[in-house]
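In the order they appear, the protein sequences are chains A and B.
Counting in my numbering, the first sequence runs from 19 upward without gaps.
Counting in my numbering, the second sequence runs from 19 upward without gaps.
Be a bit skeptical, because a hint or two may be false.
Note: identical chains are not told apart, hence a pair may lie in one copy or across any two.
Here are the simulated BS3-like cross-link-like pairs (lysine-lysine), alpha carbons at most 27 Å apart as the crow flies [to be verified]:
(1) K68 / K55
(2) K25 / K101
(3) K101 / K204
(4) K101 / K20
(5) K129 / K25
(6) K63 / K185
(7) K152 / K99
(8) K67 / K39
(9) K39 / K101
(10) K129 / K29
(11) K67 / K204
(12) K68 / K29
(13) K31 / K129
(14) K91 / K67
(15) K204 / K152
(16) K91 / K63
(17) K62 / K204
(18) K39 / K65
(19) K134 / K31
(20) K67 / K185
(21) K55 / K65
(22) K62 / K91
(23) K39 / K134
(24) K29 / K185
FYI, nobody ran anything at the bench for these hints, they're computed from the structure.
Given next are the chains, with one letter for each unit.
Protein chains: 2
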Amino acid sequence: MKLLEQKIIEKGKVLPNNVLKVGAFLNNQLDINLLSKMGKEVYKKFKHKKVTKILTVEASGIAFACLTAQWFKCDVIFAKKSKTSNVEGGVFSSSCFSYTHQNENQLIVPKEYLTKTDNVLIIDDFLAHGEALKALNDIVNQSGATCVGAGIAIEKGFQHGGDEMRKNGLDVFSLAIVESMTDDGKITFRN
Amino acid sequence: MKLLEQKIIEKGKVLPNNVLKVGAFLNNQLDINLLSKMGKEVYKKFKHKKVTKILTVEASGIAFACLTAQWFKCDVIFAKKSKTSNVEGGVFSSSCFSYTHQNENQLIVPKEYLTKTDNVLIIDDFLAHGEALKALNDIVNQSGATCVGAGIAIEKGFQHGGDEMRKNGLDVFSLAIVESMTDDGKITFRN
């Protein structure tokens with residue numbers, strides 16, 4: 019999506035350790051108009067899939083998920099993060115390593131919010147090594163619902179999580195795929 | 019707002035220690051259609067205030083903030099929570115005690131996202147003792163911006179944070195004010 023790529027070039031900052039900071043429009047400060055246009059692109063891709071629920075993870079996935087859900091006219095569920103592996107009953111959970119924070123989280127969704135008849139679209143702001151996406155997909159599988167695919171704002175193509183999930187059969191649709199970033203801030207996108 | 023009150027009666031659960039669980043539509047699972055209608059009510063109240071930014075706090079305030087911001091056609095900023103009081107420079111921060119989690123957090127907003135010329139509307143899903151609202155208002159004051167008021171989904175009137183802030187001159191607009199809750203689940207709203 020050209021508009022998002024332009025915004026990344028204009029407002030994104032490349033930090034050490036392959037961090038791409040997009041706090042000015044996608045996380046921390048949220049450009050609502052852009053997020054709604056991004057949601058529309060995801061809708062165009064998945065509108066024939068009879069999506070009944072959008073699943074994301076707190077906190078930075080929530081905004082993009084909500085503004086995508088408006089196009090699908092469906093509800094959003096966000097997985098909560100817990101640092102303990104002792105999660106209570108009545109939930110689906112899956113563990114997820116955060117490379118950014120270098121810790122392991124459990125992603126948790128109460129069982130009552132996902133049923134076998136749901137067609138679930140996963141939405142997230144970033145896809146890098148794919149840890150969060152794998153955990154969310156795992157939660158959908160546990161519930162018996164159908165995962166129709168994933169809509170991602172920014173995929174870091176050079177960290178290969180997206181390609182791995184595509185090989186495993188998940189329909190991963192990323193609005194911008196960063197192929198490389200250099201320390202002096204040059205960003206190249208996948209065609 | 020009658021629609022929200024009905025939803026609270028229908029889907030909310032009263033838990034021990036004055037907890038009102040609304041995970042089925044406002045937190046964890048998000049009723050996007052309802053949230054957008056709630057945002058419209060907040061817009062009707064504050065539309066003459068030339069709102070330039072909406073400020074909320076992660077994670078559960080983000081959805082309501084985004085769907086309110088669509089009416090105002092403005093951006094959203096969400097404060098992040100940090101457990102350490104050692105926050106880096108370049109940020110506005112204010113401490114905030116969580117009665118739910120019985121811990122102290124720092125709420126943090128990078129300075130670059132709030133300027134003296136901003137007219138800021140604070141949005142949050144819950145208002146109880148008012149700790150988060152006070153901290154967000156403090157952050158707006160630190161930035162030199164103008165706080166035009168606060169739009170709250172559910173206020174627990176019996177915990178008095180909202181009334182205290184109103185006495186201090188903040189225009190607090192709550193869509194539903196719970197006056198009392200009993201252990202057997204009876205909820206009464208303020209007229």
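We went through each hint and held it up to the structure:
Proximity of K68 to K55 under the C-alpha cut-off of 27 Å is found in both arrangements, the shortest distances being 20 Å within a copy and 24 Å between copies. In this homomeric assembly, K25 and K101 never come within 27 Å of each other (Cα to Cα): the closest approach is 33 Å inside a single copy and 31 Å across copies. Neither within a single protomer nor between protomers do K101 and K204 lie at most 27 Å apart by alpha-carbon distance, with minima of 35 Å and 34 Å respectively. Within a single copy, K101 and K20 get their C-alpha atoms no closer than 37 Å, and across copies no closer than 38 Å, so neither meets the 27 Å cut-off.
With identical chains, the CA atoms of K129 and K25 are at most 27 Å apart between copies only, with a shortest distance of 20 Å across copies and 38 Å within one. For the identical chains of this complex, K63 and K185 are intra-copy neighbours only, at 19 Å inside a copy versus 51 Å across copies, given an alpha-carbon limit of 27 Å. In the homo-oligomer, the alpha carbons of K152 and K99 lie at most 27 Å apart both inside one protomer (14 Å) and across protomers (26 Å), since each shortest distance falls under that limit. Proximity of K67 to K39 under the C-alpha cut-off of 27 Å is found in neither arrangement, the shortest distances being 32 Å within a copy and 32 Å between copies.
Taking the shortest Cα distances, K39 and K101 sit within 27 Å of each other both inside one copy (24 Å) and across copies (22 Å). Proximity of K129 to K29 under the C-alpha cut-off of 27 Å is restricted to the inter-copy arrangement: shortest distance 16 Å between copies versus 39 Å within a copy. For a Cα distance limit of 27 Å, the shortest separation of K67 from K204 qualifies neither inside one copy, at 37 Å, nor across copies, at 41 Å. Within a single copy, K68 and K29 get their C-alpha atoms only as close as 35 Å, which misses the 27 Å cut-off; across copies the closest is 25 Å, which meets it.
Taking the shortest alpha-carbon separations for K31 and K129, only the inter-copy value of 16 Å comes in at or below 27 Å, while the best intra-copy value is 39 Å. For the homomeric pair K91 and K67, the shortest alpha-carbon distance inside one copy (13 Å) is at most 27 Å, but the shortest distance between copies (30 Å) is not. When the C-alpha separation of K204 and K152 is checked against a cutoff of 27 Å, the pair qualifies neither within a copy, at 29 Å, nor between copies, at 41 Å. For the homomeric pair K91 and K63, the shortest alpha-carbon distances inside one copy (15 Å) and between copies (25 Å) are both at most 27 Å.
With identical chains, the CA atoms of K62 and K204 are never at most 27 Å apart, being 30 Å at best within one copy and 44 Å at best between copies. Taking the shortest alpha-carbon separations for K39 and K65, neither the intra-copy value of 30 Å nor the inter-copy value of 32 Å comes in at or below 27 Å. Taking the closest pair of Cα atoms, K134 and K31 come within 27 Å of each other only across two copies (24 Å); inside a single copy the shortest separation is 41 Å, beyond that limit. Taking the shortest Cα distances, K67 and K185 sit within 27 Å of each other inside one copy (20 Å), while across copies they are farther apart (51 Å).
Both within a single protomer and between protomers do K55 and K65 lie at most 27 Å apart by alpha-carbon distance, with minima of 15 Å and 23 Å respectively. In this assembly of identical chains, the alpha carbons of K62 and K91 lie at most 27 Å apart whether taken from the same copy (13 Å) or from different copies (23 Å). Within a single copy, K39 and K134 get their C-alpha atoms only as close as 37 Å, which misses the 27 Å cut-off; across copies the closest is 24 Å, which meets it. Taking the closest pair of Cα atoms, K29 and K185 never come within 27 Å of each other, the shortest separation being 32 Å inside a single copy and 41 Å across copies.
In this structure, the earlier hints numbered 2, 3, 4, 8, 11, 15, 17, 18, 24 are contradicted, and the remaining ones agree with it.
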